[in-house]
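Input sequences plus hints: build the corresponding full structure.
Chains as they are written, first to last, in our numbering: chain X, 9 to 455; chain W, 9 to 455.
Be a bit skeptical, because a hint or two may be false.
Note that identical chains are pooled: a pair holds if it fits in a single copy or bridges any two copies.
[As the list claims (entries may be wrong)] Simulated crosslink set (DSS-like; lysine-lysine; CA at most 30 angstroms straight-line): (1) LYS51 - LYS32; (2) LYS421 - LYS352; (3) LYS352 - LYS51; (4) LYS32 - LYS418; (5) LYS32 - LYS352; (6) LYS352 - LYS251; (7) LYS418 - LYS51.
Don't read these hints as lab results, they were simulated from the structure.
Protein chains: 2
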Amino acid sequence: MQEVSYPWEYLREQINAGIPEEIKSYLDELDHSDIVLAINHLKLEERVKLLSLITPEDAAELIEDLPWVQALRMLEELNASEAAAIIHEMRSDDKADFLSEMDEADAIIDELEVEEAQSVRELIRYDDDSAGGLMITEFLAFESSATVNEVVENLSANAEEYEKFNLQYIYVTKQNRFEGVLSMRSLLISKPDTLLSTIVMEALSVNDQIHLDELIRFFDSHDFYGVPVVNDAGELKGVVLRKDLREAQNEQINTEHLETQGIVGGEELRTMPVWLRARRRLSWLSVNILLNIAAASVIAFYQDTLSAVIALAVFLPIISDMSGCSGNQAVAVSLRELSLGVVKPFELFRVWIQEVSVGLINGLVLGILIGLAAWIWQDNMYMGLVVGGALMLNTIVAVSLGGTIPLFLKRMKVDPALASGPILTTVTDMFGFFLALTFAGWMLGSL
Amino acid sequence: MQEVSYPWEYLREQINAGIPEEIKSYLDELDHSDIVLAINHLKLEERVKLLSLITPEDAAELIEDLPWVQALRMLEELNASEAAAIIHEMRSDDKADFLSEMDEADAIIDELEVEEAQSVRELIRYDDDSAGGLMITEFLAFESSATVNEVVENLSANAEEYEKFNLQYIYVTKQNRFEGVLSMRSLLISKPDTLLSTIVMEALSVNDQIHLDELIRFFDSHDFYGVPVVNDAGELKGVVLRKDLREAQNEQINTEHLETQGIVGGEELRTMPVWLRARRRLSWLSVNILLNIAAASVIAFYQDTLSAVIALAVFLPIISDMSGCSGNQAVAVSLRELSLGVVKPFELFRVWIQEVSVGLINGLVLGILIGLAAWIWQDNMYMGLVVGGALMLNTIVAVSLGGTIPLFLKRMKVDPALASGPILTTVTDMFGFFLALTFAGWMLGSL
Numbered sequence: 009m010q011e012v013s014y015p016w017e018y019l020r021e022q023i024n025a026g027i028p029e030e031i032k033s034y035l036d037e038l039d040h041s042d043i044v045l046a047i048n049h050l051k052l053e054e055r056v057k058l059l060s061l062i063t064p065e066d067a068a069e070l071i072e073d074l075p076w077v078q079a080l081r082m083l084e085e086l087n088a089s090e091a092a093a094i095i096h097e098m099r100s101d102d103k104a105d106f107l108s109e110m111d112e113a114d115a116i117i118d119e120l121e122v123e124e125a126q127s128v129r130e131l132i133r134y135d136d137d138s139a140g141g142l143m144i145t146e147f148l149a150f151e152s153s154a155t156v157n158e159v160v161e162n163l164s165a166n167a168e169e170y171e172k173f174n175l176q177y178i179y180v181t182k183q184n185r186f187e188g189v190l191s192m193r194s195l196l197i198s199k200p201d202t203l204l205s206t207i208v209m210e211a212l213s214v215n216d217q218i219h220l221d222e223l224i225r226f227f228d229s230h231d232f233y234g235v236p237v238v239n240d241a242g243e244l245k246g247v248v249l250r251k252d253l254r255e256a257q258n259e260q261i262n263t264e265h266l267e268t269q270g271i272v273g274g275e276e277l278r279t280m281p282v283w284l285r286a287r288r289r290l291s292w293l294s295v296n297i298l299l300n301i302a303a304a305s306v307i308a309f310y311q312d313t314l315s316a317v318i319a320l321a322v323f324l325p326i327i328s329d330m331s332g333c334s335g336n337q338a339v340a341v342s343l344r345e346l347s348l349g350v351v352k353p354f355e356l357f358r359v360w361i362q363e364v365s366v367g368l369i370n371g372l373v374l375g376i377l378i379g380l381a382a383w384i385w386q387d388n389m390y391m392g393l394v395v396g397g398a399l400m401l402n403t404i405v406a407v408s409l410g411g412t413i414p415l416f417l418k419r420m421k422v423d424p425a426l427a428s429g430p431i432l433t434t435v436t437d438m439f440g441f442f443l444a445l446t447f448a449g450w451m452l453g454s455l
Numbered sequence: 009m010q011e012v013s014y015p016w017e018y019l020r021e022q023i024n025a026g027i028p029e030e031i032k033s034y035l036d037e038l039d040h041s042d043i044v045l046a047i048n049h050l051k052l053e054e055r056v057k058l059l060s061l062i063t064p065e066d067a068a069e070l071i072e073d074l075p076w077v078q079a080l081r082m083l084e085e086l087n088a089s090e091a092a093a094i095i096h097e098m099r100s101d102d103k104a105d106f107l108s109e110m111d112e113a114d115a116i117i118d119e120l121e122v123e124e125a126q127s128v129r130e131l132i133r134y135d136d137d138s139a140g141g142l143m144i145t146e147f148l149a150f151e152s153s154a155t156v157n158e159v160v161e162n163l164s165a166n167a168e169e170y171e172k173f174n175l176q177y178i179y180v181t182k183q184n185r186f187e188g189v190l191s192m193r194s195l196l197i198s199k200p201d202t203l204l205s206t207i208v209m210e211a212l213s214v215n216d217q218i219h220l221d222e223l224i225r226f227f228d229s230h231d232f233y234g235v236p237v238v239n240d241a242g243e244l245k246g247v248v249l250r251k252d253l254r255e256a257q258n259e260q261i262n263t264e265h266l267e268t269q270g271i272v273g274g275e276e277l278r279t280m281p282v283w284l285r286a287r288r289r290l291s292w293l294s295v296n297i298l299l300n301i302a303a304a305s306v307i308a309f310y311q312d313t314l315s316a317v318i319a320l321a322v323f324l325p326i327i328s329d330m331s332g333c334s335g336n337q338a339v340a341v342s343l344r345e346l347s348l349g350v351v352k353p354f355e356l357f358r359v360w361i362q363e364v365s366v367g368l369i370n371g372l373v374l375g376i377l378i379g380l381a382a383w384i385w386q387d388n389m390y391m392g393l394v395v396g397g398a399l400m401l402n403t404i405v406a407v408s409l410g411g412t413i414p415l416f417l418k419r420m421k422v423d424p425a426l427a428s429g430p431i432l433t434t435v436t437d438m439f440g441f442f443l444a445l446t447f448a449g450w451m452l453g454s455l
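If you want it as structure tokens, here you go:
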């Protein structure tokens, strides 16, 4: 069998050998996805050593590709000046994102150049969920008193540096205060001595304090590639790019999904320390187990009925699980519709009606299926009625709750992702057990 | 109490009144998100009537903002020429996406202009998951024999139409075959009579057949805004924009999440017909109920033990549910790591080790919790041992399966989203019941 060398094994050897040029040329060969995969398979010490063996510029580029929590951990292992050198090469919003989470932030910022340090400190002060928290400070701006020719010369002279800048629009300021934009096209078709003030176009801008949700509405209403961000004094401070906003939204969605599955903190990589992963998962599981015990106590309450109809014990987990499944389908649709914006949190009744209609149909089908199974197995029609009837009714309860709980929590400004599932399953379990055991109690004579 | 008029109520009135100018001005006032919300609250007939009351251009813009399945349904209610008028105003990839799903596609395409019809027919032939399926045909290309001045004149003359084009790069062709790109910057700094062939820069392109995954790798390795797409003959056919690829990826992630919750088809809006929603949810639920019955038959097998220790019936649903929760946490992390690319489907052992370590810790804690609850309630230490021991071991089983099943399914080229959950819960239920009842059987004397 041919010996396969995985990218990380080869990378590990090279890191141990410690020859920068070879590491660089190897990394240049690799795809981004191979690099992400390889880094994930190295030990923390190896990853950190890798960072020190490549240029700060390459390190910054590498880090940009990695999952954020992993990159943060790597940076935290470096000393302040090493970290500063790498952070210096990052884009402005990434700089701020990392520094706002790092313990050694002040020490690192002290290592940066004065102007950069000041800029970063400003950026850090913004809320993550604000325009200021999402904007980048890499943009081109010229005073309105400049000419087209000056702009063109500036672009020629700095061609290489401006590679990474967003050059759809060039901003025009008047004593630092935002005036408007110039499109590349207008520059192209204007005479060289034209004053920017004569070809500048008015443009919308947003205040640096506005919240993510408002920013989303803004980009929904306007087909812009990016929007300039101004402070209260009207000074141009940065640009929010549509794609960065979309990325922020998508991170929100990923976080939400992981939370519905009980991943507290909205992210888990298996390279995180075991105790951290266990602790976070346990924080959700332990709440769940208490709720489970509370729900199962309903069964304890009806223990006499259960003794009389032992076969029922086979169906209780089925009723519990199937109700949970039906309810979670409704939860998923509610979370999806909320994120699409097609429903508002106050529309509890509308959603309930839409869920009950499906619940009646599905409850009937599932009730019949389980009822038949019970009837056949126990050779007793009443068993079928008890079990089938309980599942049928509980399905309707489950979808009703599943559909409305997320809206209700959202209304209460509580994050619906972590809480909807446990609340749903606890209530439907209790009710399902109650229904089955009560029905059984009514029909004890026939069972 | 003040009477609140919801956007859709007002819109409904206007649709019934049927005055195009008023509807247009009302829609212009509304935010995108208000429009999405309002449309979602109209009946299908009202939505369709709305489309006929606004210009095809406005209709296309409106449709672009709506959830895709909803827009599709609206278009299908129109007659061929109405639909064609609206589709004509859409971007090329959206045209193709809708037409490839509509029954009346041929009739609609016949209503389009000849050139457009041909272009659309070509686009439809591509796989959704290929470069051709994702590309847009709105790009600017000039023959290499043209001059900078000709380009500038063309841009000036068509300023308004080119508003929506991606003008970061202009493509250069030689008899339709792709030669390279021109940046706006290079146009800006070149003399007017310069031949494009002298300033054209070589650029990478992709073949129109390549798969989405390969396209993702391409964009990972190159920091491009978009990539030109060529056919086998080397002719320039379209452009894939990075943001469209990202959107396709995010749709994949959304679909995956909804599927893990049992939403077959990866999308459900409550405005879809009730029977469709019920049928799709049922298709997953009915498989689940059969699996549940299979799992619960383990309990039936041990009915004698259960009769002797009725209290155990209280703990069986708890063991089942908690194992499922622990397992699903692991499933969520696996799906996340697979999508991030930090783990490959063949790494079953590595993932298993990482999960077992967490499973041991969490299993111990949960086992102790439930064991104590059982001990206290039944005033019997052996009950605690049975229940706690079963949950502890089953937790380890659950996280082991939860972590590895998604990878295993992915390796088998089976979509892990829909199947992982049911397989996991069925096996862990069976094993959990087996453990609890077997342990109880061993300790019957002491219980």
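Outcome of the hint check:
{"no.": "1", "hint": "LYS51 - LYS32", "verdict": "within (19 angstroms within a copy, 60 angstroms between copies)"}
{"no.": "2", "hint": "LYS421 - LYS352", "verdict": "within (13 angstroms within a copy, 38 angstroms between copies)"}
{"no.": "3", "hint": "LYS352 - LYS51", "verdict": "between (46 angstroms within a copy, 17 angstroms between copies)"}
{"no.": "4", "hint": "LYS32 - LYS418", "verdict": "neither (49 angstroms within a copy, 33 angstroms between copies)"}
{"no.": "5", "hint": "LYS32 - LYS352", "verdict": "between (52 angstroms within a copy, 24 angstroms between copies)"}
{"no.": "6", "hint": "LYS352 - LYS251", "verdict": "both (25 angstroms within a copy, 28 angstroms between copies)"}
{"no.": "7", "hint": "LYS418 - LYS51", "verdict": "between (41 angstroms within a copy, 26 angstroms between copies)"}
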